[in-house]
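Q: Spelled out from the first residue to the last, the chains are:
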Amino acid sequence: MTSTNPILDLDRVREIFDLAGSYLVWTGGKYRDDPYPLWHDLRQRAPVQPGVVHQLMGVTDDIGFHGLPEPDREHFSAFSWAACDAAYRDPETFASSPEPVDVESGQATITNSLLSMGGAQHRRYRALVQPSFGPARARWWIENWIDQTVHALIDCFEAQGRAELNVEFCAAIPVLTITGSFGVPVDQALDIRETVSRQPDALIEIIKPIVAARREHPQNDLISVLTHSEVSDEEGATHRLSDAEIYSFSLLLLAAGSGTTWKQMGIALTAMLSRPEVLAAVAADRNLLRPAIEETMRWMPTDPMFSRWLAQDAELEGQHLPKGSVLHMCIGAANRDPARWDRPDEYDISRPLKPTFGFGGGPHVCLGQHVARAEMTVGINALLDRLPGLRLDPDAEPPTFGGLYERGATAIPVVFG
Amino acid sequence: MPGAPRPTAIHVDRAQCMGSGMCIMYAANTFAHDDETKAVVIDIDGDSLEALHNAVEACPTGALALVYESEGV
Numbered sequence: 001m002t003s004t005n006p007i008l009d010l011d012r013v014r015e016i017f018d019l020a021g022s023y024l025v026w027t028g029g030k031y032r033d034d035p036y037p038l039w040h041d042l043r044q045r046a047p048v049q050p051g052v053v054h055q056l057m058g059v060t061d062d063i064g065f066h067g068l069p070e071p072d073r074e075h076f077s078a079f080s081w082a083a084c085d086a087a088y089r090d091p092e093t094f095a096s097s098p099e100p101v102d103v104e105s106g107q108a109t110i111t112n113s114l115l116s117m118g119g120a121q122h123r124r125y126r127a128l129v130q131p132s133f134g135p136a137r138a139r140w141w142i143e144n145w146i147d148q149t150v151h152a153l154i155d156c157f158e159a160q161g162r163a164e165l166n167v168e169f170c171a172a173i174p175v176l177t178i179t180g181s182f183g184v185p186v187d188q189a190l191d192i193r194e195t196v197s198r199q200p201d202a203l204i205e206i207i208k209p210i211v212a213a214r215r216e217h218p219q220n221d222l223i224s225v226l227t228h229s230e231v232s233d234e235e236g237a238t239h240r241l242s243d244a245e246i247y248s249f250s251l252l253l254l255a256a257g258s259g260t261t262w263k264q265m266g267i268a269l270t271a272m273l274s275r276p277e278v279l280a281a282v283a284a285d286r287n288l289l290r291p292a293i294e295e296t297m298r299w300m301p302t303d304p305m306f307s308r309w310l311a312q313d314a315e316l317e318g319q320h321l322p323k324g325s326v327l328h329m330c331i332g333a334a335n336r337d338p339a340r341w342d343r344p345d346e347y348d349i350s351r352p353l354k355p356t357f358g359f360g361g362g363p364h365v366c367l368g369q370h371v372a373r374a375e376m377t378v379g380i381n382a383l384l385d386r387l388p389g390l391r392l393d394p395d396a397e398p399p400t401f402g403g404l405y406e407r408g409a410t411a412i413p414v415v416f417g
Numbered sequence: 418m419p420g421a422p423r424p425t426a427i428h429v430d431r432a433q434c435m436g437s438g439m440c441i442m443y444a445a446n447t448f449a450h451d452d453e454t455k456a457v458v459i460d461i462d463g464d465s466l467e468a469l470h471n472a473v474e475a476c477p478t479g480a481l482a483l484v485y486e487s488e489g490v
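Keeping their order, the protein sequence lines are chains A and B.
Quick note: the first sequence, position 178, residue 178 per my numbering, numbers continuous.
Counting the second sequence from 1 gives a position; my numbering is that position plus 417.
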């Protein structure tokens, strides 16, 4: 496809957002099988068992994600809803980090952040950003960044009668939304995505001048929220966030905000486009888009596994877990636990709405979930509004799903008009 | 759940509430956030009983409880 795009260099987007490419190979990007039958077998064997999820699936490649590889620890994996639910509800036993988090003097990484904090520290830091990500703030995100991004992207391919939605649409929306909220110019948006997981120091160089500028003159954006937030320490004294604290937040928010929603929106679109009757029903009654998105979160969460570290010995569904071991919660498997859902493998948008682990759970439940939902809702509604007759390209390979610890659609070629 | 009794109150543990907005996601006519991003009940009859159960279950810190009159609270 030789489409020109005045907003983003699509060849670069294609390279950075390629599941099987070098950026995602570490998380199992080359995996092309359907993991769900294996997860059903594993859950049936034991809801919690010794081992690492991908190794229990017979995958011998050297891949990993949250909580891996940690070669010096014992590893266990949970596959049932009840086991994952119990772990999420007991963050004191199932901690988000094996050791205390020190943002100030520690290394700048995605995990040396809110992601790994616990207890009161997590509560204090999360409270700084939570108000900017609440349901009531969805309109702020939509009006400032999401709406214009979505429509500018559709402008690029509307006249062509065809598009590859995975790269030209799904990948571009989240990275432009989150970098926009950081005040990063569009031409640097892809630099951010490229550096966030590989060269955190280079990313900090990009945002350093923005942080300094916002300290002087706050604007209506997320980075200004951070520069003007005050956090209280254990003694109750308050201080403005330091540069190190802001960089830690920034790494996490930019990493989580620019990748996950890309894949989840692609999964949602693929699920609907592959079922033309579902797409037609949603196009005719937009109230059905919400259950379609929520069912996508259940049926195929893009991140199907997160890990916890045992702060003390515990028993979980009959399995003894020693202090210091790692528990990998396979929420992809839990979301299709037949004990909770009938016909769990079916993508069925008429299911009664019920909580899933699509955005995780417990105190670390996805901070950006309401923004992610807004991106998917605005994005898919705009496609349905502006591209009548939207359907999979009958002359192209139909989209398939891939990736193990980061799942997504390979490519979504569509035609319309 | 037709015929099931409705709660007479909904208890919000403000110390536990972290402002995730999960309750608003599942029962938007019942819950809202106040100025401190803590959940507050705006209309106890705003949503179905099923939606209330979803909100309670989805709360990431277990900060919500449905209260029934017979419990004498």
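Note that these hints are calculated values from the structure, not bench results.
Where hints are given, some of them may not hold.
Once the Cα atoms are required to be at most 20 Å apart in a straight line, the calculated EDC-like pairs of lysine to aspartate or glutamate come out as [as the list claims (entries may be wrong)]:
{"id": "1", "chain 1": "A", "residue 1": "208", "chain 2": "A", "residue 2": "235"}
{"id": "2", "chain 1": "A", "residue 1": "354", "chain 2": "A", "residue 2": "294"}
{"id": "3", "chain 1": "A", "residue 1": "354", "chain 2": "B", "residue 2": "474"}
{"id": "4", "chain 1": "B", "residue 1": "455", "chain 2": "A", "residue 2": "230"}
{"id": "5", "chain 1": "A", "residue 1": "30", "chain 2": "A", "residue 2": "397"}
{"id": "6", "chain 1": "B", "residue 1": "455", "chain 2": "B", "residue 2": "474"}
{"id": "7", "chain 1": "A", "residue 1": "323", "chain 2": "A", "residue 2": "70"}
{"id": "8", "chain 1": "A", "residue 1": "354", "chain 2": "B", "residue 2": "451"}
{"id": "9", "chain 1": "A", "residue 1": "30", "chain 2": "A", "residue 2": "18"}
{"id": "10", "chain 1": "A", "residue 1": "354", "chain 2": "B", "residue 2": "486"}
{"id": "11", "chain 1": "A", "residue 1": "208", "chain 2": "A", "residue 2": "233"}
Q: Evaluate each hint against the coordinates.
A: A quick look at each hint next to the structure:
no.	hint	in the structure
1	A:208 <-> A:235	29 Å, violated
2	A:354 <-> A:294	9 Å, holds
3	A:354 <-> B:474	9 Å, holds
4	B:455 <-> A:230	18 Å, holds
5	A:30 <-> A:397	18 Å, holds
6	B:455 <-> B:474	17 Å, holds
7	A:323 <-> A:70	14 Å, holds
8	A:354 <-> B:451	25 Å, violated
9	A:30 <-> A:18	10 Å, holds
10	A:354 <-> B:486	26 Å, violated
11	A:208 <-> A:233	24 Å, violated
In the structure shown, a violation is registered for the earlier hints numbered 1, 8, 10 and 11, in ascending order.
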